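Protein chains in written order, with this note's numbering: chain H, 1 to 260; chain A, 1001 to 1266.
Don't read these hints as lab results, they were simulated from the structure. Just so we're clear, the structure is a prediction, and the values are computed from it rather than from any experiment. Incorrect hints may appear among the rest.
Straight-line C-alpha distance at most 20 Å; calculated EDC-like pairs for lysine to aspartate or glutamate [claimed, not checked]: (1) H:92 - A:1162; (2) A:1170 - H:211; (3) H:190 - H:211; (4) H:92 - A:1173; (5) H:80 - A:1173; (6) H:98 - A:1168; (7) A:1263 - H:171; (8) H:163 - A:1173; (9) H:98 - A:1173; (10) H:92 - A:1168; (11) A:1170 - H:171; (12) H:70 - A:1173; (13) H:92 - A:1197; (14) H:92 - A:1064; (15) A:1170 - H:145; (16) A:1263 - H:144; (17) A:1182 - H:73; (18) H:72 - A:1173.
Computed from the model, here is a short list of chain H residues facing chain A with C-beta under 10 Å [what the hints assert, rightly or not]: (19) 49; (20) 51; (21) 79; (22) 94; (23) 106; (24) 116; (25) 158.
We put the beta carbon where it would ideally sit given N, CA and C, even for glycine.
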Amino acid sequence: MIEFKDVSLVYPNGTQGLKDVNVKIKEGEFVVIVGLSGAGKSTFIRSINRIVTPTSGALMVDDQDILTFKGKDLRRLRTKIGMIFQNYNLVKRSNVMKNVLAGRLGHTGTFRSIVNLFSKEDRSLAYESLRRVNIEEKLYSRADELSGGQQQRVSIARVLTQKPTYILADEPVASLDPPTSHQVMSYLKKINREDKITTIVNLHFIDMAMEYADRIIGMRAGEVVFDGPVSEVNDQTFEQIYGRAIREDDMRGGADREED
Amino acid sequence: MAELQMPPKKKNSPVKTIKRSIIAAAVIALYIWTFLGINIDWARAFERMVNNFERVIPRLFNPDWDAFDKVMDAMIETLYIAFAGSLMAAILAIPLGFLAANNMTNNRFLTGVGKWILSAVRAFPDLILALLFVVAVGPNPFAGVLAIAIGSTGMLGKLYSEVLESIDMKVVEAMEANGANKLQILFHGVIPQVIPEFLSYAIYRFEVDVRASTILGVVGAGGIGTLIFFASSNRNWNEMGLIILIIIVVVTIIDFISAAIRKRIV
Ligand SMILES: Nc1ncnc2c1ncn2[C@@H]1O[C@H](COP(=O)(O)OP(=O)(O)OP(=O)(O)O)[C@@H](O)[C@H]1O
Ligand SMILES: [Mg+2]
Chain H
1 MIEFKDVSLV YPNGTQGLKD VNVKIKEGEF VVIVGLSGAG KSTFIRSINR IVTPTSGALM
61 VDDQDILTFK GKDLRRLRTK IGMIFQNYNL VKRSNVMKNV LAGRLGHTGT FRSIVNLFSK
121 EDRSLAYESL RRVNIEEKLY SRADELSGGQ QQRVSIARVL TQKPTYILAD EPVASLDPPT
181 SHQVMSYLKK INREDKITTI VNLHFIDMAM EYADRIIGMR AGEVVFDGPV SEVNDQTFEQ
241 IYGRAIREDD MRGGADREED
Chain A
1001 MAELQMPPKK KNSPVKTIKR SIIAAAVIAL YIWTFLGINI DWARAFERMV NNFERVIPRL
1061 FNPDWDAFDK VMDAMIETLY IAFAGSLMAA ILAIPLGFLA ANNMTNNRFL TGVGKWILSA
1121 VRAFPDLILA LLFVVAVGPN PFAGVLAIAI GSTGMLGKLY SEVLESIDMK VVEAMEANGA
1181 NKLQILFHGV IPQVIPEFLS YAIYRFEVDV RASTILGVVG AGGIGTLIFF ASSNRNWNEM
1241 GLIILIIIVV VTIIDFISAA IRKRIV
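All chains should be modelled from the sequences, with the hints used to inform the complete structure.
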């Protein structure tokens, strides 16, 4: 369970990234965070694995306040939280298998990992993860030979190999076309269902948020201005979150998606 | 006709312009002063040059093939010096490159120290370094190896630090975010990104070092330069011809191989 208790974050330059955020996220939920650019979505997500550190309040992950974590505790926290990025962040020159095995680093001793001695279980898990996102045939391709959608699937496989309790995804589909976006979101949703991994995703697109989320959190200027199940959300909700009328570019479209 | 709206001209500050003019004037004055200062009988110098040409050039083009074994041995020694020196440099430059790279050493003072060491080392020409090491370890090929090693470390370290500064830090962030420690990030996130460039620069530096080490023997630091020194003292231009021929052929072959390897790496 993740619980924000009066969490605020002020960046060193004075920008208020988060303001008195109180949110509780339960096991297995699929939460989508929406809000305009600069609303604080990335700051919210990055606080959970402490890429940024809130300046006040308490942030509980599995009943521990992670804001006090340092060194080993911090690495242990990060090992149980997988993260997916807009630009995939794969090592482009390494092959897919090496990239996916990187998900095991937090679970592997320093020496073993340096000399590439990943265990049989790790290798099999990496392969299994690739199969779950249907990209196992690219096992030995270099990451930069893959399309954007394929790279994002590899990065999902990397997170699966990490065996996390939580998955954070910061705009995972912002660089992809509509059909590929839906494909990637479907994989995330499937993993959330099958493995009961609590998943928090930042999205720009209203229609995608509605299609995949169990629950939507709306942010504006660092504050949570809406928090509720998808069933309570309608166009007015988004207009209230965005503080303006909904436009065409708030929609991803392309629900007629390819399966593969 | 509509008037085109042009972007405003970039302003050069007057201080800069004045500074530049002063420097240019000083350089020109220095040249004039130097040429007026030296006392050369141009006519005689020219005559001697023509005479020497007639004597030397034909013999250079008539290499003394009897010296082939001796010259080839010295050339191979030169290659060894260059190889040992570049290898040492390729390794020494790694820690210095990391130290000098802003994104690897998050401490302005330390990166400053790293960059300073690297440029200080680069300020010494290879021959001066060779002279220093001949004094330090005696007139032998080891002095040459050390001269090459130190000279190349400066340049490789700088190139390495630039390669490191240009890597994709998002990858590093991603690994940090999934719980990897610093050493794991180094080996799985940083090194795979830089290895091809590091190798390619090291090979290129070997190519440069082969050329540089042909001359080291002139100051007693081993290799084919020793023969150059003796051949020119003895005015043995036929042997000199062979030496030059062998240097040209070997250096060309090495350049060719090195370029081919580097093309495949990156
Ligand atoms: N490292 C930083 N230093 C200073 N200010 C920052 C930093 N990161 C983000 N901000 C500011 O904090 C606010 C929230 O940024 P954040 O990145 O969380 O927004 P976001 O909702 O993710 O926006 P986007 O949709 O553009 O990604 C913005 O005003 C941003 O400019
Ligand atoms: Mg963001």
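- Query: Which of the listed hints are not met by the structure?
  - Reply: 2, 7, 14
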